[in-house]
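*Asks:* Put the complex together from the two separate chains, hints included.
Read top to bottom, the protein sequences are chains A and B.
With the numbering used here, the residue at position 173 of the first sequence is 173, and numbering never jumps.
With the numbering used here, the residue at position 109 of the second sequence is 109, and numbering never jumps.
Because the hints were derived from the structure by calculation, they are not lab data.
Mixed in with the good hints, there may be bad ones.
Unchecked claim - Every beta carbon over 10 Å from chain B, so not counted as near; a handful from chain A, in silico: (1) S15; (2) I29; (3) Q30; (4) K121.
Claimed, not checked - Below, computed lysine to any residue pairings styled on SDA-like, alpha-carbon distance capped at 20 Å: (5) A:K346 with B:D64; (6) A:K346 with B:V55; (7) A:K286 with B:K122; (8) B:K86 with A:E37; (9) A:K347 with B:T94; (10) A:K180 with A:L199; (11) A:K346 with B:S45; (12) A:K33 with B:D64; (13) A:K347 with B:D64; (14) A:K346 with B:E39; (15) A:K18 with B:K122; (16) A:K40 with B:E89; (17) A:K212 with A:K347; (18) A:K359 with A:D224; (19) A:K18 with B:V55; (20) B:K122 with A:S32; (21) A:K296 with B:A62.
Don't be surprised by glycine CBs; every beta carbon is placed ideally from N, CA and C.
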Amino acid sequence: MEIKKTSLNKLHQDSQAKFVEFAGYEMPIQYSKGVIEEHKFTRSHAGIFDVSHMGQLFIYGNENLTSDLEKIFPLDLKNLQQNCSKYSFLMNEEAGIYDDLIITKLEDGYLIILNAACKEKDFEILSNILSKKYKMELSNDRALVAIQGPKAVEILNETINGVQNLTFMTGDWFDYNGQKLFVTRSGYTGEDGFEVSILNDLAEEFTKSLIKKGAELIGLGARDTLRLEAGLCLYGHELDLNKTPVEANLKWAISKERLSNGGFVGSDKIINQIKEGAKQIRVGIKPKGRLIAREKTKIFNETELPIGEITSGTFGPSINGPIAMGYVDKEFSKIDTKILLEVRGKKHPANICKLPFYKKSYVKGVN
Amino acid sequence: MSEVKFSKEHEWIILEGDVATIGITQHATEMLGDIVFAELPEKGSNVEKDGTAGVVESTKAASDVYTPVSGEVVDINQSIVDDPAKINEDPEGTAWFFKLKMKDISELDSLMNKEEYDKFAKESSN
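Looking at chain B on its own, in the form it has when it is part of the complex (with noise of 0.2 Å):
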């Protein structure tokens, strides 16, 4: 298994030979304070790095859920879209979104590393 790898719009990704397991940080539900409503891509369709690849949304407001990679939809996770409080839960374990086949593996190199996330996430919020 490789390192978990973070983007910029607060998901997490794992890589697993070449599927890739993406949810939505720790830091992300924080921001996001409830979340209420989940929405996931259709299993078999194909997304592109950095596209919408799904909805959340919180009592107060609905936000996007992008793709960090590109890839085949190979599984997606129906019991956050059956009980989203899950995703506020366990974000980074069992409430991941959606697993890619990968296309490209070195999409992967521009992402951030958990130490340049935390940073990253520190600065942001402030």
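Next comes chain A alone, as it looks inside the complex (with noise of 0.2 Å):
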């Protein structure tokens, strides 16, 4: 299959990107300065990702769509604001989780941003629920720039007069040269910022104007150790049809309201666990000294019996020491729990520790 490639590619190119394949697409892993530099920049001043490579859903429709998504997402969208957005899972009935997802209520209908790998099964998931009964749409005329740091704001304001009136996890549509964006106080870096949905034509000089501004380009490769500082779930990796949102430790991302009733796919399953806990949970781990433990590391407790294994690991520019989540067994997963991780065949001393590693930025609103 052919490799696609998002409407920033030539811009990319220019940039002297280093591209990787990701999800079927051609991405830039990291320009010239570097995973390091890149991190830290976007910590101090303003970086641009490119994330067009990510799903754009729009589903239309009115109450009866609510609560056709309320019987698939365990929100409670019937109380959700215009313009508001929740974090999210779309889940079999074993609470397994096909995807994570940000779900947007619109004047008419919800914006569900998805993963790149998931987006065609969850849109095919997501038509057979609904049986066809809504009109979706999965964009592919529009690409998707995040912009995240200290500076995000004051550059994106320059261009996108009022977005500076947004609040953490709202958003709203603006004009541009003519065109209506749509654009959210979100991201995934841990710091303040937006995710700009915009037309493929509109994109590049839009993306310039930022970088005019002071803004950099920023590749996946420091994208990913800023999620990993800011303690969030990467699809794939600390997410699968194996894990569970109660597992996974985001049951704050489940409504209160709708752990009374269910009534959602996964319910069943969801409400027992948070009643009987369950066997494994996802942790944020400090291994000692400056030892990476990677994804598929091996977790023992002092007595060197197997209790859980790494989902992500790296070096946290920011943390300036490696740093990585994984799953262990329930009594394992207490704060400065000692551990071990098992690394060319050695073991290591790790802790258990706190997430995020690096504390959150954002500017948070009232709802």
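*Replies:* As structure tokens, this is what we get:
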């Protein structure tokens, strides 16, 4: 199959990107400055991320759509205000996760941002459950550009006046060169920032205008170190069909209102796991010294019995040390529990630690 | 001091007397990206030509470091273990990895010179 390219591909090339294939797309892993500089620049200034490979699914409908989506997502969508977003999951009956996503209520329906590798399958699953009652559009004509970091609000507001009034996890339509953009104050770096849904034809010029104001392009390499420092899950690593939101320690994303009556796909399992407790749970892990424990590293307790596995591990540039997340048996999930990590045949000391590794700086509203 | 030689695994080696200093090439560091972890062989241990003699890790992945010749490890560069970023800064100079007392100096003969290596590196990255 031919590799897909986003509408910013030429700009990446012109900016000396190193490319990798990611979910069928040719995406920049880093630019000439490298992962660490790009990471630090995002935390101190403003980084631009091409996330156009992600799915932008528009579903159009009224109250009936809201009721139908409540049978799928563990959210109180009836009471969700227009233009407000929620983090959620698409699950199977066993509460295994098909995808994690952000859903935003629009005037005439919903916008759901899906992972690139899952979007086609998600579309199929959702169309089947909704039995083609609503118009669904997995957009091909829109790019998605994120701008993240302490300078993001100032830079983006110069280009799109008014975005500064959005608060974390809210969005709105804005005018840009006679076209409508949908902007949400959100992101996946632990920084304040925005995601801008924009027509492909305008994406390059728009991105260049942000670069002119001092923002810089950042690759997927730094996106990964940023999200890991922020303690955020990555689908295919922390989350998959064999994990539930309770095991992933994402109970906070399930609306309390929905836990009493259930009625969404996977609700029986979720309600039961919340009552009984999950066998394994996602934790933060800090290896001692400089040792990096990668995905699939085996975790042992102090008496060298296996208790779990690492799902993501790297060097955290803002922490200036190694960081990881993984799943361990519940009884070993307490903060400061001493564990061992088997790397290259040797067991190395590490501690269970609090998430996130790096303090988030979101601009929270009242919702 | 002998001429600098290079291996297909992107190590450089230079001989002084019977002690060889070994590190990874500029080209290798460019392929790896920011190096954030380095592990070196133990002083006093013996390593075999083309065997693993350390590890470097970037933010993305771990890579083995091989030794292009056999010998006894007589010194290691602890400063790159303490601050792996030095490897990106000066890979073919102050950020050497380890020194070996060579067993068989003729092992150098099969390695590439600068010109051959530059050509090899260019071709292998295309």
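*Asks:* A separate judgement is required for each hint: does it hold in the structure or not?
*Replies:* A quick look at each hint next to the structure:
1. No beta-carbon of chain B is positioned within 10 Å of the beta-carbon of A:S15; the least distance is around 16 Å.
2. With a minimum CB-CB distance of about 8 Å to chain B, A:I29 fails to clear the 10 Å threshold, and the non-interface call is violated.
3. Distance check on A:Q30: its Cβ comes as close as 6 Å (rounded) to a Cβ of chain B, failing to clear the 10 Å threshold; non-interface status is violated.
4. Distance check for A:K121 against chain B: the nearest CB is about 26 Å away, which clears 10 Å, and the non-interface claim stands.
5. Straight-line distance between C-alpha atoms of A:K346 and B:D64 comes to about 16 Å, which keeps the hinted pair within the 20 Å bound.
6. Proposed proximity of A:K346 and B:V55 is supported: the alpha carbons are some 14 Å apart, at most 20 Å.
7. At roughly 39 Å between alpha-carbon atoms, A:K286 and B:K122 are farther apart than 20 Å, so this suggested pair is violated.
8. A C-alpha spacing of about 15 Å is found between B:K86 and A:E37, which places the hinted pair at or below 20 Å, so the restraint holds.
9. Proximity of A:K347 to B:T94 is assessed by CA-CA distance (about 31 Å); at most 20 Å being required, the pair is judged violated.
10. Restraint check for A:K180 and A:L199: satisfied, since their Cα atoms lie roughly 8 Å apart, inside the 20 Å limit.
11. About 18 Å separates the Cα atoms of A:K346 and B:S45, which keeps this hinted pair within 20 Å; it holds.
12. Simply put, A:K33 and B:D64 have alpha-carbon atoms about 24 Å apart, too far for the 20 Å limit, and the pair is violated.
13. A threshold of 20 Å between alpha carbons decides the hint, and for A:K347 with B:D64 the separation of about 18 Å falls inside it, so the pair holds.
14. As the CA atoms of A:K346 and B:E39 are separated by approximately 13 Å, the hinted pair is consistent with the 20 Å bound.
15. Taking the CA atoms of A:K18 and B:K122, the gap is near 16 Å; set against the 20 Å cutoff, the hint holds.
16. A distance of roughly 18 Å separates the Cα atoms of A:K40 and B:E89; the hinted pair therefore holds under the 20 Å criterion.
17. Simply put, A:K212 and A:K347 have alpha-carbon atoms about 49 Å apart, too far for the 20 Å limit, and the pair is violated.
18. With a CA separation close to 16 Å, the supplied pair A:K359 and A:D224 stays within the 20 Å bound.
19. At most 20 Å may separate the alpha-carbon atoms for a hinted pair to count; A:K18 and B:V55 exceed this at roughly 23 Å.
20. Taken as a hint, the B:K122 and A:S32 pair is honoured in the structure, with Cα atoms around 18 Å apart against an allowance of 20 Å.
21. A hinted pair counts as satisfied when its Cα atoms are at most 20 Å apart, and A:K296 with B:A62 qualifies at roughly 13 Å.
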